[in-house]
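S.K.: Below are the chains, spelled out letter by letter.
There are 2 protein chains.
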Amino acid sequence: MDGQPLRGFLMPRTEYGGEEYIVVKLRSGYNIGVRVKPGTKIKVIARGERKPGFIKPSLPEHRSMLPRVDIISTGGTIASRVDYRTGGVEPALDAEDLYSIFPELSEKADVKAKILFSEFSENLAPEHWRRMAYAVEEAVNEGSRGVVICHGTDTMGYTAAALSFALEDLPVPVVLVGSQRSSDRPSSDAASNLISAVATAVEAPFAEVVVAMHEGPSDTLIAIHRGTKVRKCHTSARNAFKSINIQPIAYYDLTRDEIKVTGNPLRRRGEGRLKVKAEFDEEVALIKYHPGMDPKLIDWLLDKGIHGLIIEGTGLGHVGVKLYPQIERAADEGVFIGMTSQCIWGSVNMNVYYTGRDLQRRGVVPLGDMLPETALVKLMWVLGLTREPKEVRTLMLRNISGELGEKRWIE
Amino acid sequence: MDGQPLRGFLMPRTEYGGEEYIVVKLRSGYNIGVRVKPGTKIKVIARGERKPGFIKPSLPEHRSMLPRVDIISTGGTIASRVDYRTGGVEPALDAEDLYSIFPELSEKADVKAKILFSEFSENLAPEHWRRMAYAVEEAVNEGSRGVVICHGTDTMGYTAAALSFALEDLPVPVVLVGSQRSSDRPSSDAASNLISAVATAVEAPFAEVVVAMHEGPSDTLIAIHRGTKVRKCHTSARNAFKSINIQPIAYYDLTRDEIKVTGNPLRRRGEGRLKVKAEFDEEVALIKYHPGMDPKLIDWLLDKGIHGLIIEGTGLGHVGVKLYPQIERAADEGVFIGMTSQCIWGSVNMNVYYTGRDLQRRGVVPLGDMLPETALVKLMWVLGLTREPKEVRTLMLRNISGELGEKRWIE
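Going down the list, the protein sequences come from chains A and B.
First residue of the first sequence: 183, per the working numbering; consecutive thereafter.
First residue of the second sequence: 183, per the working numbering; consecutive thereafter.
Wrong hints could be hidden among the right ones.
Any copy, or any two copies together, can satisfy a pair, since identical chains are not distinguished.
DSS-like, lysine-lysine: derived pairs with alpha carbons at most 27 Å apart [claimed, not checked]:
id, residue 1, residue 2
1, K478, K504
2, K504, K459
3, K504, K486
4, K219, K572
5, K296, K459
6, K225, K442
7, K442, K294
8, K225, K572
9, K478, K457
10, K457, K572
No lab work stands behind these hints: they were computed from the structure.
Bear in mind the structure is a predicted one, so any value in this text is a computation, not a measurement.
Chain A with its partners taken away, still in its complex shape (with noise of 0.2 Å):
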């Protein structure tokens, strides 16, 4: 960028950018971050005006005849004025904010809002869904129909897993949701997306943790997806999460204002009383095989005594025979060693090949049709339950929610 001049909005400095940092918003409605430096030149063309929706609207009449919906804010671009990664303010939100950035909210619910942090969703760790699953208990004990939580989108859909074992016999929806692009562009789903999390948590029939997001081409289809099995698959599209192997539960059609359930729910709203399990065992890793691993690596996980193992193996789930000593190594130390498939979609399968074989005969446990990063989780959750190696194969073959599919793959 060196030399080249920008022209656009200066944007408000944030914690975040550092003194040396400015925050343009280009005319294609991205900010762009420029360091300032001796000789950079800084030229003021024109003044904005505070725009008349940024004036904080009175609280609607009508709201405490909504149903309680409670909003938790974790960070991410979805619920803050302008996007504070990007430079943007005001992380912070309250119910009057949301109301004032998305009105369509006031008819749809009695928003409680809560700021339980605001952190890049990359730096996220199992401390963080601890958090997340009490604050869940927190307003379903205070009688939530319902709960979005707010999240950056890097690594919902491992939070979203995390939660889905955390909260068990869950009696409301949980549904998590963030945006691809901020509030402030024009083809943004902010909007979308949270209105489509909120009446979501209010309609529908279902009681498990979601993941709502933007679908297909259509600015007014959200899908629901289960929280087990939802992966970020895109790194800018606004349709960038995909349900892996099988259909989203439901969708929300905002030109409808209705729900359409599409799946088999795990739980009906109203069904169980809410058990929160959020204790993660952070000794484990995920390794993907690749053709020139060095073999060591597994040697170095155990001896600094990890408690599991998910390795994204090839294909049907398979890995060189270079790691054999290694996968022996962690057998014979309990180690859980479970395998899941870097192809992302189908199942892993390993009573076909011999191959498959020689490796559950050395420990390895097939994972089905789980996702790597699920598994991850589960595995983390799984052994915070427990260190028992038998237990923790039992339950890691357990589909506790919704995480293994129903078909069994056997072709």
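Got chain A sorted already, so can you dock chain B onto it with the hints?
M.R.: Only chain B this time, still in chain A's reference frame:
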């Protein structure tokens, strides 16, 4: 399976099974290995006859009039009489074998068949890529009109990328082909894939490394994927291979016996003179970032002296701030770090968010829309040419074999 009766065809023993196993072909077409333990009973119900198709035909008379196509076998399901991995026979093959299994081949080409090695593709390493590159060179020097490489599907994408870089100024097409279901199964894709691969080798107007595999629901449409842009995206489906971020560069339509070019080939047939550059540096690693990842993993890799690292980050190319110290250390030590995305689709873009800029300032190089697997293979190849950090960076960012999309993904 213990205690369960199995009914099916008893298959011949293979070198892979070992003494303690027999292989039974079930009615579904799948072969299953059964461990023979004390107490296992085998009852012969009837004996089969040799199928007429398995009698070697004499070579077609007109064969020397046809263009020469070299078929190099490296293993995998595709070019053995019966899937040797599931208990079949004869991994070895010669031209007569091929004509007997796939009679249509004799109308397409004068086939020169060669067994380079017979390996499960998950066991292939850079050394095998090298041997394939030199086998292609030999065929080209002997006047081949095109080369077909039969390969196991598990790591075919990695090999396709490796050959795309190793075969500089390739004058003929090199077509990798595999099959997801063995040729003795009713739904096998072996014949249609192999015949299309040979036809592509003969007819394609372009000269680059491609993968020919089944496409969509039809039995007669075969997609021709660019070697640097293709990935196995399903464990068992016949249309498992997908071009990522581009369309397939061509299709072969078996109903019309014609190739339809749909993309922009890199090089026309007959241009250039092949130079093999097939040194791959194995002191590299590919790691997939995930919540709870231990940053000390990177320390271990640096301690053991890797020369380069590819990260599969989240979203547009992010990792948690916990990894920053290790990333700084890598940069200090002159170790190349390239960023790709675990989303698979889309491009990394590390100019939009502060976190992306932070990582770039620490030395991480964003690799556009390059596939993680291709980035790994390319880094091995680049480091085989040079260890000078500036040159490594320059080559990694140069579009050498179509690995970087034309669209720069600045939205």
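S.K.: A separate judgement is required for each hint: does it hold in the structure or not?
M.R.: Each hint, compared with the structure:
1. K478 - K504: both (10 Å within a copy, 24 Å between copies)
2. K504 - K459: between (38 Å within a copy, 26 Å between copies)
3. K504 - K486: Classified as both: same-chain Cα gap 21 Å, cross-chain 18 Å, threshold 27 Å.
4. K219 - K572: This pair counts as between: shortest inter-copy Cα distance 24 Å, intra-copy 60 Å.
5. K296 - K459: For K296 and K459, the Cα distance is within 27 Å only inside one copy (22 Å; across copies 58 Å).
6. K225 - K442: neither (52 Å within a copy, 54 Å between copies)
7. K442 - K294: within (26 Å within a copy, 58 Å between copies)
8. K225 - K572: Neither. Shortest intra-copy (68 Å) and inter-copy (36 Å) distances fail the 27 Å Cα cut-off.
9. K478 - K457: So K478 and K457 fail the 27 Å test inside a copy (41 Å) and across (34 Å) alike.
10. K457 - K572: within (24 Å within a copy, 55 Å between copies)
Comparing the model with each earlier hint shows violations of hints 6, 8, 9; every other hint is respected.
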